[in-house]
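K.L.:
Sequence:
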Amino acid sequence: MSKDKARVMLMSARCGGVGLNLTRANNVISLDLGWSPAMDQQAFDRVHRLGQSRKVIVKRLLTSNAVEDRILALQERKQLLANDSLGEGNDKKAGRLSVRELAALFNLDAGGQVLH
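For the sequence shown, the UniProt record's numbering gives the first residue as 1, with consecutive numbering after it.
It is possible that part of the hints are untrue.
Once the Cα atoms are required to be at most 25 angstroms apart in a straight line, the calculated DMTMM-like pairs of lysine to aspartate or glutamate come out as [as the list claims (entries may be wrong)]:
#, residue 1, residue 2
1, Lys78, Glu101
2, Lys78, Glu68
3, Lys78, Asp32
4, Lys55, Asp84
Hints listed in this document are in silico derivations from the structure and should not be mistaken for laboratory results.
Take these sequences, add in the hints, and give me the full structure.
P.N.:
See below:
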């Protein structure tokens with residue numbers, strides 16, 4: 001992104017999260033979510049690097065009442081777990097996903113029935 005003519009760059013978080021410095025950009029609009037909050041953060045950090053002279057703005061576009069909501073909640077929980085494991089958090093429920101939490105990710109009850 002060294003040419004002044006480049007106005008928009010499209011890429012997935014997985015592709016854009018590795019090996020790039022995009023300091024010519026300062027706006028990030030995320031349309032997809034990864035399972036890992038660290039992977040998404042790594043992609044956002046491609047814009048926020050040494051040499052960035054402008055304020056970086058990150059926006060996430062999500063569909064409400066869809067699997068994206070539940071993936072975002074899972075990402076937030078994973079981040080809390082990561083913070084707790086590093087001694088940076090205070091969540092006492094660190095551990096694995098329960099069957100109920102995993103089923104809720106796909107809008108199912110613990111027995112596998114679709115929730116309405």
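K.L.:
Give a verdict on every hint.
P.N.:
So, going through the hints one by one against the coordinates:
1. Lys78 to Glu101: holds (13 angstroms)
2. Lys78 to Glu68: Holds, because 15 angstroms separates the two Cα atoms, which is no more than 25 angstroms.
3. Lys78 to Asp32: With a Cα-Cα distance of about 17 angstroms, the restraint between Lys78 and Asp32 holds, given a limit of 25 angstroms.
4. Lys55 to Asp84: violated (30 angstroms)
Hint violations for this structure: number 4 only, all remaining hints satisfied.
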